Structure formats: structure tokens, C-alpha cells
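K.L.:
Listed in order, the protein sequences are those of chains A and B. Numbering-wise, this note's numbering puts 449 at position 449 of the first sequence, and it's gapless, one number per residue. Numbering-wise, this note's numbering puts 67 at position 67 of the second sequence, and it's gapless, one number per residue.
Please keep in mind that the hints were generated in silico from the structure rather than gathered at the bench. Model, not experiment: these values are computed from the prediction. Check before you lean on any hint, since a few could be wrong.
[As the list claims (entries may be wrong)] Distance condition first, Cα-Cα at most 20 Å in a straight line; then the derived SDA-like pairs of lysine to any residue: (1) 283/B <-> 373/A; (2) 285/B <-> 377/A; (3) 148/A <-> 109/A; (4) 32/A <-> 243/A.
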Amino acid sequence: MNGPILRMLGIEKDFSGVKALDGVSIEVERGKVHGICGENGAGKSTLMKVLSGVYPHGSYDGRIEFEGEEAAFRSINDSEAVGIVIIHQELALSPYLSIAENIFLGNENSKRGVIDWNKTNLEASSLLARVGLDENPATKVLELGVGKQQLVEIAKALSKRVKLLILDEPTAALNDEDSDHLLDLIEHLRGQGITCIIISHKLKEIRRIADTVTVIRDGKTIETIDMHGPDATQARIIRSMVGRDLNSMFPPREPKIGAEILRVEDWTVYHPVDTARKVVDNASFTVRAGEVVGFAGLMGAGRTELAMSLFGRSYGTNISGRVYKNGEEISVRTVDEAIRNGIAYATEDRKKYGLNLIGDITVNVSAAALATLAKYGVIDRHREYKVAESYRTRMNIKAPTVSAITGKLSGGNQQKVVLSKWIFAGPDILFLDEPTRGIDVGAKYEIYGIINELAAAGKAVVVISSELPELLGISDRIYAISDGRITGEVAGVDATQESLMHYMTAGKD
Amino acid sequence: MTTTTPAKRKPRLAINFRQYGILAALVVIVVLFQVLTNGRLLLPGNVNNLIQQNAYVLILAVGMVVVIIAGHIDLSVGSVVAMVGAVSAIATNVWGLPWWASVLLALLVGALVGAWQGFWVAFVGIPAFIVTLAGMLIFRGLTLVLLTGGTISGLPDQFTAIGAGWLPGFLGELGGRDVLTLGLGLVTCVALVLQQLRTRATLRRLELPRETLTQLWLKNGIAIVAIMWLAWLLSGYSGTPIILIILAVLILLYTFMLNQTVFGRHVYAIGGNLFAAMMSGVKTKWVNFYVFVNMGVLAGLAGVVSTARAGGAVASAGQNYELDAIAAVFIGGAAVQGGIGTVVGAIVGGLVMGVLNMGLSILSVDAAWQMAIKGLVLLLAVAFDIFNKRRSGGR
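Go ahead and model the full structure; you've got the sequences and the hints to work with.
P.N.:
Shown next as C-alpha cells:
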């Protein structure tokens, strides 16, 4: 058969009025590795979900042709039936089942409901050999590291007679050795005629294995680059990925930067489960009073892990390094200690780590600083109410009263409750992790205003964000993180999206 | 001010409706059985027995609601009641300790049991369901070991008075009624009204939203009628049960603890979202530990009370008490996944079960059917609660 294996034409998809995909077209050659690049939120994952039937035919506009025929997948089962298999960033294996059981889960070798174990284990062995995984098929998946689990996922895909394998950020959670092995395997599979789509933030990897790359930005196809061509450079991909102007969506600000408040030296953190993996690698940085410092990094770079490990060791194991506040070394071994030392961390996952969703605004605002409202362990409820009410007004939280349940507020208002909680805790240093994720433009502007106020009040504010324009718009200084290492430090005025992206995709040499 | 009031009042009324829903259910059940039993349910003797017979569930429910708000469960309390009962009876009758020393010892043993279970739950991280299931077996077994000599009876009068006695009527009688009981009722009513007016004054001074005067007096009116009516009934029987005083103190103390103290707030925070509580600096392990220590102390108290009421210790004491207490808490509106619940709700839930027991017994309904009916009531109460939450928009 000739012609491209896959053609997606003018794909459009919107979520209650917000366009996630706005006419994406992509053509994938048979037996090639096709890279897809784009910033966080550009629409890559949505596109792959459209392709694999997670979003069923009819819920999007546009046309998909697979092997020359129009495809109308209604579910993942439909797409798998024709040989399209997607492996998500979050692996979907059942930890307490064996490798063989996982490979054939939902697709068991059975006769009248009774599993043929000999056949299962035999076939599993040969699949494991194909992906180069030297393990007993009876081994439980939880005994494997993430890298090997990834290989089991690929073996599972092979068992389904895969023709088009889609890998979403396959190396984000892997160490260098496992990443190398995986990339070798992808090349090997290409040799066997399996077509591969790989979504990755790591441009080095893309350059190494991709034959063509399509860049997506703001839900549109920007260009498709032949990676064997003369001008297929990392810089060109970066330019395509970010090429957009900064809007004037940031409130003006006069920075008044004072003395250094926080200094972190040689901070190293290991993964809590995969304890051999460094998630934060020898990071050192400083923050000064009245300064807004940005942390730029792609997903999985270790930004959140850095902040959470500093905040009372809420993440990671085997943490080492030193933290100084106003020149004196401090200990931040527990959350309580971190708070007492004037550090606050507003999480990126407000539903999981930030809010008591069944509690009202009052109890959430006071949660981190109850002691200041209490005498002999008894809370002054009236004062607490007044405090909550003052934050509701000051932060413009849209709720009838502070007795409103936080779970029922919109994302932007929930975020304001989280910020209120940490501002009320009276910290000197605030880490704000993705403070504007998932909230609308108006609320974003308000939150930028709050950040400015905090800085004006002499606080040190660290903003972690995936949105480069946001970081450029609000930061005085920006650190770039890649693979757990701080790879660059740029003054806000000098920084460009291109220069940051260069550091963010640096990786290890 | 006037423009903002209506908008502010709406959510408050919704919350109140949910709280009063349980209370309304209790009233309906009481009226239903009063009619079915031709008025025998609320005879003074029955009301007195309702309090004394159910005291153990109510005490356990107070501890259990804290455990459940924190997102745990305690299946061992029935066995702890039996073991503590055995210890207190042995201490009094075999070792010859004075009655008050036995009571203190009983509470201490309860605290130690709670510390043991709290250690496994909070610091080792074993689910409370497992730890307390084990505790249920362990402490029942130890009770059997302690009582190998058979039952221990013949406890001193001061001891049994805790569960089955009344305050001495030293103010004399008036028309055959105990003056002390009537006086206590009156004092309670005055204290209630004064406290409400004081809170209202503080709210006004701080310009915080408050209920309307009509609402306030309606609420207080109903409460005063209920309290005085209870005092009237009890004064015509044997006076104020000592256990009623203990219960009143517990209810006030624990309502205060959950609503007004940092510890209480931390319990709600842990049940509402454990991770968010941790990330707010709450020492979640210690809070969980003390929640179980507290449950142990209250189980110890319930052990003393039920032993006193029975007049002795038997190895089979306290059977199924944990289920009664858990049922009371859930009927009282606590959430299975934690984070929601009140002491008053748990008490009302316990009274619903108590009134059902008594009403069905007066109607001489077979014990087997009584059990089945109580099970259905529990199921319906929680189903009603879930239905209510769905309708109000929360999932």
C-alpha cells in the first residue's frame, strides 16, 4: 500500500466554547517516526485523543483517514481494532498483576472464559523479547521501574498488532539510560515497519529519532519540518513553537527590589518510589525581597518537585542541600516548620492539595494560620469570620458569603481562596505553582495584580508556570529548569521565549 | 445593609434545613410511637429509662462522631466497654479500691486502649477498620480472660448510681414533684437564652450577619418548651438521672471542642481533605492519634456507665454497641468519607434509635423484627441524606 498511513484534515474541537483545536492538519508517512511539538496547552494531547477515539467521532469537526479510508472511531476499542495504540504519559498498568496478565488484559487468551496460561506466558515472552525486556512474564508490574513498565506498555501495544503507535511524552518520567533504551526501541520498531507518533518536549530526542516534525501552536498546525532537511535545527522548532506576541495582559508594576531573603544551595531530591532517580539535581537559587522570580520548565522538569520538597519535604526522598533565610541557615523538615519560617507554597493542584472542598471559604482561608486566631487552643470565630470576609472583598472572591462551600466555586475563585489562605499565613516567601492554571483571562489579570501587591509589600514571590508569556510578563528574573537542573538564569527584561525555550529543552549533555 | 440581607440569608437557611431535618425526623418518630402506643411512650418512667438505657450509645456516639469526621471508624468500642467494665468491677470488688478510683482507672484503661489503636492508625498507617477490627477481638478476648471467674456483681451503690441513680432531691418536693429537677430545667433555659443573647450582641457589635429576632425567639421558644417538659416529666418520676448531667456536660464540651478549638478544626480539615490539611501544616498524625485516645476515654466512660447500670460486669457486655454508635452518627448526618458531622446530630441519631427500640418494645414487637427495622431506618436515613445533597447540587 502506498500513500500516508494517517491523514488528519482540518480537525476542530472545542470545550464549551473554548477552541482547543482550530483546524489542525497532519500527515504521517508509513514506517516513519513523526514528532509533534508544541507548548503546554497547544493541543497536542487533545489531537491524539481525537485520533484514538477518546473523543468519539461526531464530537469534533474534520476528517481522519487511516490507511486511505475514512475513520470514525467511537471509542478506543475502535481505534485499537484497526491498529492504532496510544500510550499515555500516565501509564495504565495494573500494579498487582503480572507482566503477562497486563499485556493481555482485556484481550485474554482464553477458551470459554478459562485462560490458557501456557499460551499467555509463551506469547508474552516473545513480545518481551521484541521490546528487549529481560524479565519473567510472571513478574508483578509493581516490581518494575517506570522504564520497564513503559516497555511492557509497548509490548501490550505489539500484542494488539499495532500499526501506528502513539507515545505521549514517553521519556518525561524516565532517567537517561531508560530514555536511551526506549529511543533505540522506537528506531528498531521503525525498522519493522511500525509507524510512530511521538509527542515530546525534549527536542534533543526529537532530533535524534524523528523523520518529520509537526509543530502545533494555539490549536493550529504551524508547519511540518523534514528533519533530514538542511534547516531542521532545534532553534527553528523553538521559533515555531513560541512565535507569538506578548499581549498587554499584565498590570503595570514598579519593582522595588531589596535584600536577598531566600537562598537555596545544592538542593537535590530523589524520586519517592524510583529512589535512584534524581528529580531535582543540585539546584541553587536566590530570591530577594520585593522580587518576582519565575521558574520556567516543561512538564516533568522538576519545578513542582523543587518547590514541594522545599516546603516541609512534601515531596521526594533523600533530600539534601541547604536553605538560608536572611543569611541564616533554616530547617524546613516539616510543613509546620516551613510555615513558621515564613515560607508558603500555593499548590498547582488546588483540588487535591490546596482546599478542603467540602469546607466553606472561612475554614479554608484560616487553615494555615489558625494559631494566630486562637488563644489557648480556642478559635475566635468572630475574628476568623471577619478575616475571611476581608479577604473575600480584597481578593474579589465571587461568592454570596464566606459560608459558601469552596467546592462549588469556579476555578478562578478557588484559586483566590488558596492565595488568601497563604497570604493570611503572613509568609515572607511565597511559592505560587501554576497560579493561573485553568482560570479565565479576567481572573488571571486579577491574580497578576495580587502578585504585584505582594511584591510591593516586600514579599519574595516565586512563580512556577508553564506559560512563558506569563512568566515574561510578570517576572523580574527567570530561572529555567530542565531535567531537574537549573539550566539558565535570565533577567526578566532580557528574556525571550526563544532564549527560555532553549534552556528549558537543554537536557543533559 | 437591607439590600444585602436577603442574598446573605439564603445559604444559611439551606444549612439549617439540613440540620433540623434530623431533628424533625426524631419528632415524627416520637409522635408516631406516642400514637401507636396510646400515649405510653412518653410516660415519665419510659422517658427516664430512655435516657438511662441509651446513655452508653450517646456517650459512644460523641466519641464516634469525632472518629468519623476525621475519616476513620472504630469497631472495637463494644469490646472496650466490656473490658473496661470488667476492670472497674475487679478494681472495686476484688482489689477493694474506692468507687471513684475505679472510675478513674477505667478511664485510664480506655485512654491506653485508644493510644494503642491510635498508634497503629496514625503512626504505622494501618487503616482504622483493620486496627479496630483487631481491637474488637483483642479486647473481647481480654475481657474473657479477666472474667474467667464468671460475672462480678454486687457493686457499691455510689458506683451503680452513675448509670442508674438520680441526683438527691435535697430541695424537697412540691406537689409530689422534685424541686431540684424543675430548678435545673429553669436554670438551663435561662442560661440558654442568656448565651444566645450574648452571642447575638457580639455579632451585632462586630457587624456580622445574624438570624432575625423572630427566628431566634422561635428557636428558643421551642427549646424552652422541650426542656421544661422534660424536667416536668422527670420531676414526677425519680428526679434528674445523674447520667443526664454527664451527657449534658459531654455534649456541651464536645460541641465546643469541635466548633471552637484548633483541635476540632483540624479534625474537620483532615476528614475534608487529608492532603490539603498536611500542606497547611496540620500535624495530621498527632491529630489522628488523639482522636483515638479520645474515643478510648469515652469508651471507658461508656464501660463504667453500662456496668453501673447493669450492676456488675459480664463478659458479653457491650455486644453490638459499636454498631449502635456508628448507626447513630450516620443517622445524625455525618458523611461516610469524613469531614462532616456534629455532636448534636449524633445525639439526635442515637435518640432516634433509642425511641425506636423503646417504642417497638412497648408494642411488643419481636426482637428479630426490631433489628430488621433499625437496619432499614439506618439505610433510609443515609439515603435521604445523599438524596438531599444531590438535590442541593453537591455530588
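K.L.:
Now tell me, hint by hint, if it's right for this structure.
P.N.:
Consistency of the hints with the structure:
1. 283/B <-> 373/A: Roughly 17 Å between the alpha carbons, so the hint for residue 283/B and residue 373/A holds.
2. 285/B <-> 377/A: holds, 18 Å
3. 148/A <-> 109/A: It is violated: about 23 Å lies between the C-alpha atoms, which goes past 20 Å.
4. 32/A <-> 243/A: Violated: residue 32/A and residue 243/A sit about 27 Å apart, past 20 Å.
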